[in-house]
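All letters in the sequence shown, in the order written, are residues 1 to 143 by the numbering used here.
Rather than coming from a laboratory, the hints here were simulated on the basis of the structure. Ideal placement from N, C-alpha and C gives every residue a C-beta, glycine not left out. Hints may be right or wrong, so weigh each one.
Said to hold, decoys possible - No more than 20 Å apart at the CA atoms, straight line, and that leaves these computed lysine to aspartate or glutamate pairs for EDC-like:
1) 75 <-> 110
2) 68 <-> 103
3) 71 <-> 81
4) 68 <-> 91
5) 75 <-> 103
6) 10 <-> 36
7) 71 <-> 61
8) 10 <-> 91
9) 75 <-> 36
10) 68 <-> 110
11) 68 <-> 36
12) 71 <-> 45
As the list claims (entries may be wrong) - Pair by pair, the computed Cβ-Cβ distance ranges are:
13) 99 <-> 14: 15 to 21 Å
14) 14 <-> 85: 30 to 36 Å
15) 114 <-> 29: 25 to 31 Å
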Amino acid sequence: MGPDTSDDRKGPLAGFTVIEMAGLGPVPLAGLMLAEMGAAVLRIERRDARRDFLKVPPQYDLDRHGRKILKLDLKHPAGRELLMRMIHQTDVLMEGFRPGVMERLGAGPDATLGANPGLVYARMTGFGAWSAAQRAGHDLTYL
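Please work from the sequences and hints to get the whole structure.
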């Protein structure tokens, strides 16, 4: 039950499946680039996230362009279970949360690589893995 690849995507990454954990900074940009190169990208968004403040017409919404969207409550066991079932069938998981967030949700590198040893786990943080890593990264932090 990984990302749907039935849309006949073309490009050098056609056939690859990617799960993008919605966030800020480099993760949505990486998801856009992978989708543009043919990967089937499934963007996981928080079920309770409110996007009403940002009314962007779909043709200009680069955070979602070229991806399928699934809203999950990862704080609920059913949401975490569904995510782990999808991870069994995906090639790449990308996330840009502070270190420890995915672990608390039961989907950190140890859990996901245990479920899918061939998975590429891409963690993009604003400050690396040490030092100020616990701080949230935004905007210029990623440059």
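Hints versus structure:
{"no.": "1", "hint": "75 <-> 110", "result": "18 Å, holds"}
{"no.": "2", "hint": "68 <-> 103", "result": "24 Å, violated"}
{"no.": "3", "hint": "71 <-> 81", "result": "14 Å, holds"}
{"no.": "4", "hint": "68 <-> 91", "result": "16 Å, holds"}
{"no.": "5", "hint": "75 <-> 103", "result": "12 Å, holds"}
{"no.": "6", "hint": "10 <-> 36", "result": "9 Å, holds"}
{"no.": "7", "hint": "71 <-> 61", "result": "17 Å, holds"}
{"no.": "8", "hint": "10 <-> 91", "result": "17 Å, holds"}
{"no.": "9", "hint": "75 <-> 36", "result": "31 Å, violated"}
{"no.": "10", "hint": "68 <-> 110", "result": "26 Å, violated"}
{"no.": "11", "hint": "68 <-> 36", "result": "13 Å, holds"}
{"no.": "12", "hint": "71 <-> 45", "result": "5 Å, holds"}
{"no.": "13", "hint": "99 <-> 14: 15 to 21 Å", "result": "32 Å, violated"}
{"no.": "14", "hint": "14 <-> 85: 30 to 36 Å", "result": "23 Å, violated"}
{"no.": "15", "hint": "114 <-> 29: 25 to 31 Å", "result": "29 Å, holds"}
Violated hints, listed in ascending order, are 2, 9, 10, 13 and 14; each of the other numbered hints is respected by the structure.
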